[in-house]
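K.L.:
Sequence:
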Amino acid sequence: MNQLLTFILLFLAFTVSAVADLQPTAPLKKQQIDIVDYLLAPGDLVEISVWKEEGLQQQQILVAPDGNVTFPFAGTLMAAGKTISALQAAVTEKMADYIADPVVNIKLLQNNGNTIFVIGKVNKPGQYPANRRIDVLQALSLAGGLTVYADDDDISVLRRVGNQIKVFPFDYDDVLKGKHLEQNIILEAGDTVTVP
Numbered sequence: 141m142n143q144l145l146t147f148i149l150l151f152l153a154f155t156v157s158a159v160a161d162l163q164p165t166a167p168l169k170k171q172q173i174d175i176v177d178y179l180l181a182p183g184d185l186v187e188i189s190v191w192k193e194e195g196l197q198q199q200q201i202l203v204a205p206d207g208n209v210t211f212p213f214a215g216t217l218m219a220a221g222k223t224i225s226a227l228q229a230a231v232t233e234k235m236a237d238y239i240a241d242p243v244v245n246i247k248l249l250q251n252n253g254n255t256i257f258v259i260g261k262v263n264k265p266g267q268y269p270a271n272r273r274i275d276v277l278q279a280l281s282l283a284g285g286l287t288v289y290a291d292d293d294d295i296s297v298l299r300r301v302g303n304q305i306k307v308f309p310f311d312y313d314d315v316l317k318g319k320h321l322e323q324n325i326i327l328e329a330g331d332t333v334t335v336p
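For the sequence shown, the numbering used here begins at 141 and goes up steadily by one.
Dumping the calculated DSS-like pairs for lysine-lysine here, alpha-carbon to alpha-carbon at most 27 Å: (1) Lys-192 - Lys-222; (2) Lys-234 - Lys-247; (3) Lys-264 - Lys-317; (4) Lys-192 - Lys-234; (5) Lys-261 - Lys-317; (6) Lys-247 - Lys-192; (7) Lys-319 - Lys-261.
Simulated restraints on C-beta separations: (8) Gln-197 - Gln-250: 17 to 23 Å; (9) Lys-317 - Ser-296: 16 to 22 Å; (10) Gln-200 - Pro-336: 40 to 46 Å; (11) Gln-197 - Ser-296: 45 to 51 Å; (12) Glu-193 - Glu-322: 44 to 50 Å; (13) Asn-245 - Ser-296: 37 to 43 Å; (14) Asp-293 - Phe-213: 50 to 56 Å; (15) Asp-177 - Lys-317: 26 to 32 Å.
Worth flagging that the hints you see were computed from the coordinates, not collected in a lab.
Heads up, the beta-carbon is just placed ideally off N, CA and C, and yes, glycines get one too.
Using the sequences and the hints given, assemble the complete structure.
P.N.:
Here it is, written out as structure tokens:
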């Protein structure tokens with residue numbers, strides 16, 4: 141009887157250990173998928189390295205407010221709106237004029253630039269990272285949904301374009317019913333969803 145009990149306990153311990161080992165891999169795969177599609181924005185911090193080039197290893201570069209990054213031998217390049225792989229290809233192409241077959245590696249260290257804001261009568265107002273493309277309905281979901289006092293047919297998205305602010309109206313009930321779905325726009329970095 142003691143041997144059977146010992147066997148069952150060992151079996152359970154092994155099973156729990158195996159399941160625990162599987163848990164961390166699922167979020168990593170999702171994170172890797174998101175980072176492939178991630179579009180850089182002003183405020184993001186990237187690390188650029190060129191293999192076998194002393195002085196060009198692990199340089200941390202902030203994407204400037206105008207969306208540009210500057211790197212030796214590559215000059216100033218537009219980074220905002222590009223994926224990591226697109227920026228890597230652009231840096232490699234520019235450096236090829238000075239270094240034979242450069243091997244450039246870029247990784248995202250901080251995604252401070254791609255954030256959206258949800259304010260007003262939502263359950264969790266605040267700033268949210270936009271690691272992937274997020275529409276208005278998804279942003280409201282991130283903010284915990286509308287409160288019972290929210291004016292759901294007068295929601296708006298504020299977007300700064302240069303010195304002007306563009307306003308995009310959003311009627312929550314219409315979108316939920318499948319009407320006027322064009323209101324459910326994809327948000328851009330810095331957009332503010334306001335819920336009166």
